[in-house]
Structures are given as C-alpha cells and as structure tokens.
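With the hints as a guide, dock the two chains, each given alone in a separate frame, to form the complex.
Protein chains in written order, with our numbering: chain A, 1 to 114; chain B, 1 to 109.
Please note that a few of the clues may not be correct.
Unchecked claim - Interface residues of chain B toward chain A, partial, derived using beta-carbon atoms under 8 Å: (1) Ala28; (2) Gln42; (3) Gly43; (4) Pro44; (5) Arg45; (6) Phe46; (7) Phe99.
Said to hold, decoys possible - Partial list, computed: chain B residues near chain A (C-beta under 10 Å): (8) Gln49; (9) Tyr87; (10) Gly100.
Unchecked claim - Here are the simulated DSSO-like pairs of lysine-lysine, each with C-alpha atoms no more than 30 Å apart in a straight line: (11) Lys44(A) with Lys3(B); (12) Lys69(B) with Lys41(A); (13) Lys44(A) with Lys54(B); (14) Lys52(B) with Lys9(A); (15) Lys69(B) with Lys36(A); (16) Lys22(A) with Lys41(A); (17) Lys41(A) with Lys52(B).
The set of hints was computed from the structure by calculation and includes no laboratory data. For every residue, glycine included, the Cβ atom is placed at its ideal position computed from N, Cα and C.
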Amino acid sequence: DTAVSQTPKYLVTQMGNDKSIKCEQNLGHDTMYWYKQDSKKFLKIMFSYNNKELIINETVPNRFSPKSPDKAHLNLHINSLELGDSAVYFCASSQDLAGVRTQYFGPGTRLLVL
Amino acid sequence: LAKTTQPISMDSYEGQEVNITCSHNNIATNDYITWYQQFPSQGPRFIIQGYKTKVTNEVASLFIPADRKSSTLSLPRVSLSDTAVYYCLVGVKGQNFVFGPGTRLSVLP
Numbered sequence: 001d002t003a004v005s006q007t008p009k010y011l012v013t014q015m016g017n018d019k020s021i022k023c024e025q026n027l028g029h030d031t032m033y034w035y036k037q038d039s040k041k042f043l044k045i046m047f048s049y050n051n052k053e054l055i056i057n058e059t060v061p062n063r064f065s066p067k068s069p070d071k072a073h074l075n076l077h078i079n080s081l082e083l084g085d086s087a088v089y090f091c092a093s094s095q096d097l098a099g100v101r102t103q104y105f106g107p108g109t110r111l112l113v114l
Numbered sequence: 001l002a003k004t005t006q007p008i009s010m011d012s013y014e015g016q017e018v019n020i021t022c023s024h025n026n027i028a029t030n031d032y033i034t035w036y037q038q039f040p041s042q043g044p045r046f047i048i049q050g051y052k053t054k055v056t057n058e059v060a061s062l063f064i065p066a067d068r069k070s071s072t073l074s075l076p077r078v079s080l081s082d083t084a085v086y087y088c089l090v091g092v093k094g095q096n097f098v099f100g101p102g103t104r105l106s107v108l109p
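Chain B with its partners taken away, still in its complex shape (with noise of 0.2 Å):
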C-alpha cells in the first residue's frame, strides 16, 4: 500500500478554508485516496474520497492532480468544531487500511 506524508498540524481561524495536502508519490494505478477525520475519544469519521480531478461533497472538497502524486482536502470556512486529525489514506478502493499519523488541525477563535 502507498506511504502518504501530511504535515502534522495545522492552525486556523474560523471562517478560513483550510487546506490539507498528503504526499503520495508511489501511488499504484489501482488506488483510491480517502480522508478520514478523528474527534477525540471517537472513532474515524469519512470524510470524502477520490481517484483522480476533483471530488465535492458537502463536508469538502478533494484536489488530486493529473499525476496523482499528492491530493489536497479543502475545508471551507472551518469552525471550532472541526478541530480534530485528519488522515489521508492510499489504497485499493475498500481497502484502506494504513493510517499514518495524520495532521492535527486546531481552529481558533
């Protein structure tokens, strides 16, 4: 499965876009990227998840480029309450099982 990088954290304000990029360089063809997000005491949450261009929903949004080297999560106008980490994960879709130590996003007032 690929390795992904993400940075370990990050700050923000509220009502900023927060943008969140994980490195995947050895990516297979077959590969799908997912985003998770963890609270405290809970269990991973999904987010949002693509393979190529760009992915909306009503969480996110999911940039990943033509060479699908690295993907980035954009959190429009984040609040308190998305404080948590977010993991990025490379794998065969429904198979994605390598969690790395993901970004720690604080939201501040």
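Chain A on its own, in the form it takes in the complex (with noise of 0.2 Å):
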C-alpha cells in the first residue's frame, strides 16, 4: 500500500495555465506537507498543514494555495505557471508537528512549465 501519492506523476503545460497537483496520505497523520525540488536539487518546504489549518508559508508566491479537503489530503494549487515553477513537487506528510520522528514523502510530480 502506498503511504504517500501523488497524481500527476509528470505534467507538462504553457506558461500562463493553471494546474493542481493531488496528494493524498493513508497513514493516519494529522500533518501535511508541500515541498519544491528545484534544477539544483534543493527542497524547500513550501507549506504545512495541521488539522486543516496553513502553520507554516515560506515566502511562496500566492499563485500557489493548497486546498486540504480533509486530513488526509493536501492539494497544491497553482495559478498563472510561470517557467520558474518547473521542478519537482514532494508532498510528505507526518504524524503531527509536536515530537514527530520523521515525514513520509510521496514520490514527486514532474512539473515542466513551456
């Protein structure tokens, strides 16, 4: 069973679009999160939620929100692409934020902006 998922696994589109990227956790866990893996393989953590709620945005964009629909989803939403936001998309999720051990982290979406 997978722990963490996310769809698309690759997405390609034009500068200008909107497009979400789904994820979703079967592992019980009240935390989620979305990071950015960019051309030089650094991993920013873009946002966390917890029991719904947004506790952390690191100075991303507001062309990027993230809709949690329940706790066990967290979707990232992103208006107007523009060629910089081509990376690689993590999303991971964690037991909660208070003496968490670790984060699981979904395979990444391909996101190439044309």
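In structure tokens form, the structure reads like this:
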C-alpha cells in the first residue's frame, strides 16, 4: 500500500495556465507538507497543514494555494504558471508537529512549464 | 533553524563503511539531527534521528559528539543500492524543514 501518493507524476503545461497537483496519505497523519525541489536539487518547504490549518508558508508566491478537503488530502493549486515554477514537487506527511520523528514523502510530481 | 554543511559528494566501494559528517555549529538546545536518503526520482526517506551520543538502527548509526556541533552518519558495508543523496537536517523535533544540497554518495563495484 502506498503511504503518500501524488498525481499526476508528470505535468507538462504552458505558461499562464492553472494546474493542480493532488496528494493523499493513508497513514492517519495529522500534518501534511508541500516541498519544491529545483534543478539544483534544493528541497524547500512551501506549506504545511495541521488539522486543516495552514501553519507554515515560506514566502511562496500567492499563485500557489494549498487546499486540504480533509486530513488525508493536501492539494496544491498553481495559478498563472511561470517558467520558474518548473521543478519537482513533493508532498509529505507526518504524525504531528510536536515530537514527530519523521516525514514520509510521496514520489514527486515533475512539473515542466513551457 | 540551524544551517548545516556537508561534503557535496563522496565515493566508496561495495562492502566498505561510509561515514558522512555534517557540521551544524549553531545548533540550538532543542534541535534534533535527522538524516534522510533520496534516490533518483524518489522522495526523501527517513534514515535516523538523534539528539546526542550515539543512535543505531537497522540501517545506520548516528554519532553526535558532546558539543553537538557536528554529527556523523555511518553506513556499514555499503552496497550499490546505497548510491543516493544523503541530507542532514537540524531543527526542532518534527520541524526539520531545511534541506541543504546534501551529500551525493556513489558506491562503486
């Protein structure tokens, strides 16, 4: 069983389009995250949600908006895509924020903006 | 969050022990040290976490000196499948969000 899953795995789109990436975790975790890994392979936290509440937003452009319909899902919506948005986006989850040992990462979504 | 410094890359041969050291000079009292492994085209995977002294699990050992300004991940008898990028993270337990460039380990036959 896949612990953290993401769809789609690959996403190729034109500049200016709006796209969404879905994430689901079946671990019963309370907290979910979105990371961006750029071409230089740096992983940067974008958002985290704990019990449907946004608790971290690391200077991410407001074109990016996380949506959490329930504890098991954290989707990422991106409006007006730009070339610089091309990257691999990873979803992750952890049991909670207090005393959590580890984050579980999804397989990643490779976004290419043309 | 404390900044970390690791070697950019390391080479090793199958069967050898590999030690990757991470420097974190401004680690705070409440910070934990966590190591992740990332294979190509996959998300990072938790390896080990510690606060002080030595921690060992079925995958690796983590050595942390008394001053906690550095830590060493030890992989015993590496195999080709251990070729990956290894990240050292420092932060409050459960909030290790700052991934540096990591150490790219290449295991050669």
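Any of the earlier hints contradicted here, and which numbers? 1 and 14
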